[in-house]
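Colleague: Generate coordinates for the entire structure from the input sequences, incorporating the hints supplied.
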Amino acid sequence: MIGNFTKGLFASVALLATVASASAQDKVSVAAISGYFAQGFGVSIVNGLNKAKDEFGIDLKLVDTGNRALDYEEQFANLAKDKQYDLIFVMGWELVDALTKASAAYPDQRFVFIDGVLDSPNMIYANFAEEQGSYIAGALAGMIADKGSAFPKMGDGKAIGFVGGRDIPVIRNFLGGYEQGAKAAAPDVKVNSVFAGTFDDPAKGSELAMALYGQGTDIVYNVAGPTGEGVMQASAAADKYSIGVDIDMCGTAPGNVLGSMLKRGDVAVYTLIKDEVEGRKVTPGTRTFDLASGGVEFKVCDDIASEIPADVTAKVDELKKGVIDGSIKIDRAK
Amino acid sequence: MSPLMRTILGQVIAVAFALALGSIVILLIDESPIRVFSTLMRGAFGDVTRIAGTLLQTTPILITGVAACIALRGGMFNVGVEGQLFMGGFAAALVGFALPMPPGIHMLAGLIAAICAGAAWVAIPAWFRVRFNANEVVSTILSNYVAVLFTSYFTIFLFKRPGGWSETPPIASSAYLPELFDFSRLNWGLLIGLALAVGAAWYFRNTPGGYAISMTGSAPKFAEYGGVNIRKRGFWVLIASGAVGGLAGGVETLGVHHRFMEGFAPGFGFDGLIAALLANGSPIGTIATALFFGALRSGSLLLETDTSASREIITVIQAFIILSVSAQFLVRRRGDAQGGERRWKF
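Going down the list, the sequences are from chains A and B.
Numbered according to my numbering, the first sequence terminates at residue 335, and the numbering increases by one at each position without gaps.
Numbered according to my numbering, the second sequence terminates at residue 363, and the numbering increases by one at each position without gaps.
Hints may contain errors.
Cut-off 27 Å, straight-line C-alpha distance, at most; resulting in silico cross-link-like pairs (DSSO-like, lysine-lysine) [claimed, not checked]:
no., chain 1, residue 1, chain 2, residue 2
1, A, 62, A, 275
2, A, 322, A, 184
3, A, 54, A, 316
4, B, 249, A, 205
5, B, 177, A, 102
6, A, 154, A, 54
Restraint ranges, calculated between C-beta atoms of paired labels, are given here [as the list claims (entries may be wrong)]:
no., chain 1, residue 1, chain 2, residue 2, range
7, B, 333, A, 191, 45 to 55 Å
8, B, 333, A, 314, 49 to 59 Å
9, A, 201, B, 66, 31 to 41 Å
10, B, 51, A, 83, 14 to 24 Å
11, B, 115, A, 28, 19 to 29 Å
12, B, 122, A, 237, 34 to 44 Å
These are calculated hints, taken from the structure and not from any lab test.
Please read these numbers as outputs of a predicted model, since none were measured by experiment.
Just so you know, even glycine gets a beta-carbon here, dropped at the ideal spot from N, CA and C.
Modeller: This is the structure in structure tokens:
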């Protein structure tokens, strides 16, 4: 304890001494701002940033936006004001308004908006082909629902479900891919979708998933952040199936999770920083991270994999190949 | 020492004590308190833009603070300012985007809608209070949750702007509160807040109605003996407090965000209550305390980017302030019990 005190005092003196001479643009400096660093997709982004920091020795600053809309604009201005950061990663649709203003006020600052594409031509967009991973999820779920009670824990409702967080474009894109995948692999299977209206309410997620299970929808795809934790729990409680999103969720309800649609935020930020560090300057425009580049992938849970019939696995692999080589086109939600 | 001096000195000691405790926490996270507090100062008052930013953060705390003061004066705790702010903000946005009107009138209509929404939202707890003597602390706290969820529901399911975040369509520019300078979002809201604080102070000091309210709060038996209908008075005190709370939301919507975003401003109602308590229920004092909290908030935004300390350190310091202020109340109340003084001193 005392050690910490003296250390703090020493650090303060040292900092005061060096603060004036802070300079050196020789290494890449990166900031990231979001309100979601502690959850699913945000954690994956932080992992990617830390990996880049460990490997390339970049300067890294994480800023948590908190949840007061009043603060956002000043937070952006504070990050951009000294031209200190080569790239500023931004994640969260509620920040779009403040981001657009900051980008206009600091046109030389390169902002990377993660997870969507906006109107401004000045920004870099790290866009995920979530519709591709969701297509595979939909195909797998659809075929299993088509097998009905021949598959353990399944009924003959011939329906698969989807619980979205908010009704925003990126979530619509997940749903679109999921529906198209199901339609392609199992045309007789219905897709029942609901939106929770919030990313922060596990109880609501659980309630909605239970309602879907009650209607004979035996597989539910969760695209709802923390709300989705409730979906995963509900699948264990009802002993039905769920599909996780963003990160590997097989452990949340072992035996009840078919797989997870991984959205590799870590791959995206790491790739962009790597380009920057290695002298390939990241320029404004859209960078898409898809099935082919490993930006999204569908991972079947190990404990379920053995139960999935060979014909289903073969079909999934075939579709995956088709998506990667471009012979299967998936519409993106507008 | 005069009572006013004693009060001010007490609060200054409370704040200093909280800052000292905060310094210990800062040392524990291996950061320098000197650097943290100097960055805070620079972030809050470093240049005109930053001063404007501080005043921008001060505005909602000031208005919700005045709302809390009005209730405190009348012997009530309006802990529901948060909910009234949400209702007011939503009502103002609704008028702003749904009802086209000429400039000026549109803005006024939006503010009036906000006032009415805030007053209406507190009416139920207020009525329960006077009719059934239901504790207004509990009922107003509960009404906060309902207000936040209610506005969320309407925003997401009825009025959501297509695409994008869960927010209403933008309001018409005819309903904007004019900005004071071109380099900041600071707007007329600050002037409205200052006018309310001065107006409330004047009302309490110089009018019979204000005196009746102060007496209802500090010596209800005396007020009743003097012919004040304390139930009725208490009801209208809460309504007035709620109206001002609603106005705070209207000012944020029409002045800053120009739309209603679901869950846009958590905690302002509570910040206002703390500011009012720290000012001992004085509207003029609330100007100073709201500015103090506004500066902390505004400075903390720079703190986060320029030091390794988290912005949350401000929340810690605020919590220490609440602790030391309430400790002060306890000490005073013990003194009151011995000396026979009244419960609230204003």
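Colleague: Does the structure break any of the earlier hints, and which numbers would those be?
Modeller: 3, 4, 6, 11, 12
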